[in-house]
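Protein chains in written order, with the working numbering: chain A, 1 to 637; chain B, 638 to 847.
Please note: incorrect hints may appear among the correct ones.
PhoX-like cross-link-like pairs, simulated, lysine-lysine; straight-line CA separation at most 25 Å [as the list claims (entries may be wrong)]:
no.	chain 1	residue 1	chain 2	residue 2
1	A	Lys498	B	Lys664
2	B	Lys738	A	Lys571
3	A	Lys498	A	Lys533
4	A	Lys594	A	Lys498
5	A	Lys533	A	Lys594
6	B	Lys749	A	Lys312
7	B	Lys827	A	Lys498
8	B	Lys749	B	Lys738
9	B	Lys749	B	Lys670
Facing chain A, from chain B, some residues (calculated, C-beta under 10 Å) [stated by the list, open to error]:
no.	residue
10	Leu639
11	Ser643
12	Leu694
13	Ser742
14	Tyr746
15	Val783
Examples of chain A residues lying across from chain B (beta carbon under 8 Å, computed) [unchecked claim]:
no.	residue
16	Gly136
17	Val140
18	Ala291
The hints are simulated quantities; they were obtained by calculation from the structure and are not laboratory data.
Please read these numbers as outputs of a predicted model, since none were measured by experiment.
Where a beta carbon is used, it is the ideal one built from N, C-alpha and C, also for glycine.
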Amino acid sequence: MAAKFRAPGFYRASWLMVLGVAFSLGLTWLVRMSTGHATFKHYIDGEAILTVSLIAVPLLFLVGIGGFDYWFYWAAGRKTRPEDHSSHGAKTWKDYFRINTDHKVIGIQYTVSSFFFLLVGGLIAMLMRAELAAPGAQFVDANTYNGLFSVHASLLIFLFVIPVFAGLGNFVIPLMIGAPDMAFPRLNALSFWLLPVAGVLMIGSFFAPGGAFADGWTAYAPLSTDAPVGQTFFSLAVQFAGASSIMTALNFLVTIITMRAPGMSFFRMPLLVWANFATSLLVVIATPFIAASQFFVLLDRALGFNFFNAAKGGDVLMYQHVFWFYSHPAVYIMMLPGFGIVSEVIAVKARKPIFGYRMMAFSLLAIVGLGFTVWAHHMFTSGMASWIRIPMAITTAIIAVPTGIKIFSWLATLWRGVLHLDTPMLFALGFLTTFTLGGISGVMLAMIPFDIHVSATYFIVAHIHYVLFGGSLMTIFAGVYYWFPKMTGRMYDERLGKWHFWTTFVFFNATFGPMHILGLQGMPRRVEDYASKFGSLNLAISIMSFALGLSTLIFLYNMVTSWRGGPIAVKNPWRGMTLEWQVSSPPPIFNFDKVPTVVGGPYEYGVPGAVHGTFAPGPTPATVGASGPRQVAGANE
Amino acid sequence: MLVIVSIPIFVLVVAVILYCCWQFRMKPGEELKDGPPIHGNTRLEVVWTTIPAIILLGLVSYSFVVLHDNEKKPAREIEVGVTGQQFAWTFQYPPSVTGGKPVESDQLYLPKGESIRFGLHSKDVIHAFWIPAFRLQEDVVPGITVHYRATPTRLGTYPIVCNLLCGLGHSLMRAQVHVVSETQFKAWLKTRQSATASSGATSTPAAAAG
């Protein structure tokens, strides 16, 4: 029994978490006592203990489940314990509930837990639509409602869209580039386990005194610096989720740069790999800024730093600049991997090479660069210096050009192809239509006089859902269906998949389309009560949103039953050329029994006799430069 | 203008998708067939880069013309102070407008056809001063005074909405703007002045500007 409490796992995590609370109590008591009564009225203060606990308990949980074991042994000069690969390939469901260094297991851990948070976030949206079905108060009070939309947005941004792309990328990228795993498997495992921590903090904030954080996912100061303690849950959850995505992005960058198979030049990489490369650059550069913004808020709240207290020389607008310097690139962090997925699906399902492959890759990089020059378009009405609006409006309009190039190139890829209109393809085509609408409303919002009127109205709510639901979520569904056979070794039910697409597509548009009109008519967002003239349209939207919520059940049923008992998948059901389809479904433990050699582009459909990679006895790893020996070292570790 | 440009682009995209689905969908017997290996077309790619770029720059230029027009300083304007606090609006009319004692009110009265320069102050958190009927909004930021110009051209009563989440009472932070004729406006100011005088209330709108 004692061994159980010493070995990495949930037993060790639980007593360490109790220790974490005790540590927080002791630390705050010590600090308060040593600084004297004048500053602090009581030695024991609930909010102070809670704030420190929110940092100490999650960290000790991660220590407990074994996230740091290897490095601790190394740092202490003790014998390190090499990974024995016993849980690779996840033989039982329990292997998903421990530190696991297999990128395929981590990919599934990421994807499944992200979908759990999608369900929670979606249920919260249903509660909000129930409240908004009629003017006046229905079910919840103003504070709860503000908490609901804040947690809804935060969960879906930080714990669904961003990590689910990291999850799909985790599974697929090493396979696509011909690598046995990610470059840093232990870091990969740790970055996954930071996510449930962030999710528990966000959902747990509903049980905090004073309710959940209620200032929106934007948490504008000084409202957030004076809010009840629930706000601290947000500030810290963002740190954990942000650390997770920075670690994963570094891992992707190193993996993509150093672990490509022999012959896989940058311009032979599938576009999903390009997309995650671009996204990881954005994450590594931008995410520290939101971490900073939330640390500022935390220091203001907990220790009275007055960063954002105008009366004490603080600068209120600075919060928004720092916040949006991350949160605008974050929009592309949430979209570029989806572009990659759609490129894969459309090329394979239209049986044609991607039209203008190089322009597709360059436009991703153009978006990375331009993405950092547009942040203040979220602040056209913020009261900042008015000249800033003009360069930001120009860059915002220009960023539509690379996006347009991508859309036109996908259309040209469809042209004269042989279109297999199955579920992944339907979601990809659905994405093209809804995302085009979202892009067009985005260009409208770049026009300052128009933005000044509709800023922070339901027009914005409609726009963001066309981009993140009609855009990102459609591509996520496309990707999940497309790689489902590879991830689980089973086929999904095509008929249910099509039902899922059509219900999602129809009710999505019926829910979010009319919100454009509400915004133009002057309905503000983030209100639980509204003028009675908006009543009938809101009721219709609420009914449609419930149907949209129900459509998710088709997806869930399909995924669960197909995973348990679907027909066994062959290794290449879509006749794809990229490397992940050349190995068994699910792939062998180290992905490739033989190191593949890449001899051509990834999308040579219709070229007679063309192949992307071969497994024929090619050059031995020792003769192909730096990437070869590394892979072998990784495999034997 | 925006709609005129937007609709054809959206229709074009959807039309191509639908045409492809109709014309190029896999027919029975084509399960193993591939499309023609077309890798790209430089001329086409140049076209769909330049044309959207030109359209977008055109739109941006047009929006600047409108913006410049909207924000032009008129020959004559009157100053009105707006103060936001959780969760109410108050409005200050300085002596230059009232021609006597300053007036403070929780109702906004504006003379029709007169250019107004609002000075926005906040006593606590950020609010947003939005009059949907005027198509204009601007944030009310603690610590600074933000200016904002409008000329009401239609008589009537319109809602004023706080459009930036400011806490519990955010959705109830509403007021009314009454656009009235010049003479009614003067008369209203007179009654307010006598009302303030009798209650002894003072207003110091400039205090928040520090």
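Taking the numbered hints from earlier one at a time, note which ones the structure violates and give those numbers from smallest to largest.
-> Checked against the structure, the hints that fail are numbers 2, 3, 4, 5, 6, 7, 9, 13, 14, 16, 17 and 18, while the rest are satisfied.
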